[in-house]
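Enquirer: Just so you know, the sequences run in chain order R, C, U and E. The first sequence lines up with residues 30 to 229 when you count with this note's numbering. The second sequence lines up with residues 30 to 229 when you count with this note's numbering. The third sequence lines up with residues 30 to 229 when you count with this note's numbering. The fourth sequence lines up with residues 30 to 229 when you count with this note's numbering.
Since the hints were made in silico from the structure, they are not lab data. Possibly wrong hints are sitting among the right ones.
[Claimed, not checked] Far from chain U by the CB rule (all over 10 Å, computed), these chain E residues:
#, residue
1, N64
2, K72
3, P96
4, L108
5, S145
6, C157
7, T158
8, T161
9, T182
10, F227
[Unchecked claim] With the Cβ distance kept under 10 Å, some of the chain E side facing chain U (calculated, not the full set):
#, residue
11, G48
12, D76
13, H198
[Said to hold, decoys possible] Rough simulated footprint, nothing fancy, chain R against chain U, three-plus residues with beta-carbon under 8 Å:
#, region
14, 52-63
15, 121-132
16, 197-203
Note that beta-carbon positions come from the ideal geometry of N, C-alpha and C, so glycine has one too.
Number of protein chains: 4
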Amino acid sequence: MEEMKRELADIIRAYHQKGWSPATSTNYSFRLASNPNVIVISKSGIDKSLFSSDDFMEVDLKGLALPAYAGIRSSAETLIHCKLYELFPEMMCIVHSHSVYSVLQSMKNQTSVELSGYEVLKGFEGICTHDTTVQVPVFDNTQDMPAFAEVLTRDKNRLTVPAFIMRQHGTYAWGRNLFEAKRHLETAEYLFEVDWKFSH
Amino acid sequence: MEEMKRELADIIRAYHQKGWSPATSTNYSFRLASNPNVIVISKSGIDKSLFSSDDFMEVDLKGLALPAYAGIRSSAETLIHCKLYELFPEMMCIVHSHSVYSVLQSMKNQTSVELSGYEVLKGFEGICTHDTTVQVPVFDNTQDMPAFAEVLTRDKNRLTVPAFIMRQHGTYAWGRNLFEAKRHLETAEYLFEVDWKFSH
Amino acid sequence: MEEMKRELADIIRAYHQKGWSPATSTNYSFRLASNPNVIVISKSGIDKSLFSSDDFMEVDLKGLALPAYAGIRSSAETLIHCKLYELFPEMMCIVHSHSVYSVLQSMKNQTSVELSGYEVLKGFEGICTHDTTVQVPVFDNTQDMPAFAEVLTRDKNRLTVPAFIMRQHGTYAWGRNLFEAKRHLETAEYLFEVDWKFSH
Amino acid sequence: MEEMKRELADIIRAYHQKGWSPATSTNYSFRLASNPNVIVISKSGIDKSLFSSDDFMEVDLKGLALPAYAGIRSSAETLIHCKLYELFPEMMCIVHSHSVYSVLQSMKNQTSVELSGYEVLKGFEGICTHDTTVQVPVFDNTQDMPAFAEVLTRDKNRLTVPAFIMRQHGTYAWGRNLFEAKRHLETAEYLFEVDWKFSH
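Okay, chain R solo, but in the shape it has when bound:
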């Protein structure tokens, strides 16, 4: 677990440098196969340029802090993580970005971002050719996390690739491990950028 914390913390600081997590924004979590009922998630309000292994805490599948972390606030969006782990039980890691191009795409596209014909689409698990079209869903942003969790349940069938955008907010992506979640987020962000620049 300490190794995973260190690796994810390194990635979080790298994402800050890319401009994907300005100031204290964005949140991240993982689960260990040996104990999938515990979610290791970033604490709330940590400056992502300085994020370290010590800035994680543990919550249960309902998002409640484990006793060892009582009184510490996890990310405001903890329930999104809980819901994604519930909907996709094989998933073990969730990453997030507030990238500029994700936000721009969500301001232009009402319901989804359509991505077609790009080689890098193969970065999404299960896609073996560029000759395909993918819809990354865009959901309205909200501060009401239980309501948003219901939207995810209702629209699970729209999650045909492991990523979605919250409008004017950012991208969530997930995978069966940190490596895969990272690949999915970088794939989505790259495609959002190329696609935006092509039409502007």
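Please arrange chains C, U and E on chain R, whose structure you already have, making use of the hints.
Expert: Relative to chain R, chains C, U and E alone:
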């Protein structure tokens, strides 16, 4: 104080790398709660790619160098810092950028930059939802610092978020500590960039 | 060989930081003059932010893994490397990028990117003046590597500079050594960016 | 001199990372006040991502290699350095970039880039207010260095700030020391970028 100097110097060099402080431009300061009558501020003319703890000096609340620093020139904009600490006595740190998108916004918007509906607006202290609209004021640039300080006094009620832009110059942001000032500046700069790219 | 692996791995990680190789995408190879029948090539599916000397394997000129690497999968595009070494026997290194501007150029230009009058054109071996025009060919992307290798054979005469683009995929560049291949790729990518920004 | 070489080499690698010196392009020099008849200049063909103190050589004021460096080729543009040191005898350092925005500006502006009202204009020595207008001259690119040196002599009066652009090539900037030359180049490049983005 040495720890604060080191942390702020690290941030200044990182801002230079982002392109927010080309060459010797921009200035920074902080106060310690234990001695709020002393402003620790960046010396004038230091290359920000090399800024270190040694490149700070101390001035009083009127911007005059303390005896230990007699003869050393502080930033030309020292009076802006003095005025902000006077107007907002709880504030303990002021940061600045000459970011490209801040300058672009100030060339497009006569009196303020309107930002609406972004999740990252929550980076401004006191804002708890994306579902809001913020006006970041834009003031005309001037080399007459006493005159500019009067503008700030007169228009204090327009400073509804802890940041403003000087036209074709850059952004000032502040906070109750370095952590908060940094968060406010990164929040403003991120939003200026997204907002600019959306309409261009 | 270990020195070459280390140098190329350093470059691959630097390219990832530039955004040229999101996630596990892109592939790289070199040959040693002392043994030109062996191609040292990046393994498939390695995260390019973490690519190290250990992430290379050896294949023969037909792209088959040498016995010491039996069972390990090289890049899906290994046959492109094999074909380029066959067509240009003096070439000893091949590099690749999925840069945003390469992809954008390939979406705008059906058959080639025309670059004219730039000083940096001199980065292509054999070009001694900016006062020239170069056509970088754009080929359709495909997952059928034997078919693509045939396209390269057929259109070898269009490869008048040591680089081409696969549509919505990225740039390949090559050289007589790592130094030259790197120069050719950076030359192409720089020119694609400038040229794109000038007309948009 | 070793200290100067090390500092300038650090800056060159940093400029490469910014994208200002793709591959082996760009060149740099300095003179020491103790021996202004010797120009310490970058050798030709060095990859700027790896540039080190060892990659400098010494030439005389006509650009000829000193005996200790006989047979080593200095930058193809050595004569530009010689001419600038002749025209501005107080200048001790010359830096160069092939930045994207410099090239873009030179493709849009026939004779000069006009920059007006920016705070960062104060980065140019002798400018004390943003309330001014500066013309950075744009000269046609050429491979004929003696001819270009004559253009500089003829148009010396147009060099009202310590920088110019060669068309589709890049920016030269200079100063009385490395610190000042660096400030002038970063000032010019920043302003080229802001000004380009404002009108596009």
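Enquirer: Each hint should be assessed against the structure and marked as holding or not.
Expert: Structure-based check of all given hints:
Taking the minimum C-beta to C-beta distance to chain U, about 31 Å, the non-interface status of N64/E holds against the 10 Å cut. Residue placement check: K72/E keeps its beta carbon more than 10 Å from all beta carbons of chain U (closest about 14 Å). Non-interface call for P96/E relative to chain U: holds, since the shortest CB-CB distance, roughly 28 Å, exceeds 10 Å. For L108/E, the non-interface assignment is confirmed: its Cβ lies about 15 Å from the closest Cβ of chain U, beyond the 10 Å cut-off.
Remark: the non-interface label on S145/E is consistent with the geometry, its nearest Cβ contact in chain U lying 22 Å away (cut-off 10 Å). Non-interface status of C157/E relative to chain U is upheld: no Cβ of that chain comes within 10 Å, the nearest being about 33 Å off. At roughly 31 Å from the closest C-beta of chain U, the C-beta of T158/E stays outside 10 Å, upholding its exclusion from the interface. At roughly 28 Å from the closest C-beta of chain U, the C-beta of T161/E stays outside 10 Å, upholding its exclusion from the interface.
Against chain U, the non-interface label of T182/E holds: every CB pair exceeds 10 Å, the least being about 22 Å. Residue-level check passed: F227/E sits 14 Å from the nearest beta carbon of chain U, beyond 10 Å. Annotation: G48/E was flagged as interfacial toward chain U, and the flag holds, the nearest CB pair being 7 Å apart, inside 10 Å. With a cut of 10 Å, the hint placing D76/E at the interface with chain U holds, because the nearest CB-to-CB distance is about 6 Å.
The closest approach between the C-beta of H198/E and any C-beta of chain U is roughly 4 Å, which is under the 10 Å cut-off, so the hint is satisfied. For the region 52-63 of chain U, the stated coverage by chain R is satisfied: 3 residues place a CB nearer than 8 Å to a CB of that chain, which reaches the threshold of 3. Residues of the region 121-132 of chain U lying with their CB closer than 8 Å to a CB of chain R number 3, which satisfies the three-residue condition for coverage. Coverage of the region 197-203 of chain U by chain R holds. Counting CB-CB distances below 8 Å, 3 residues qualify, and the rule asks for three or more.
The structure agrees with every numbered hint stated previously.
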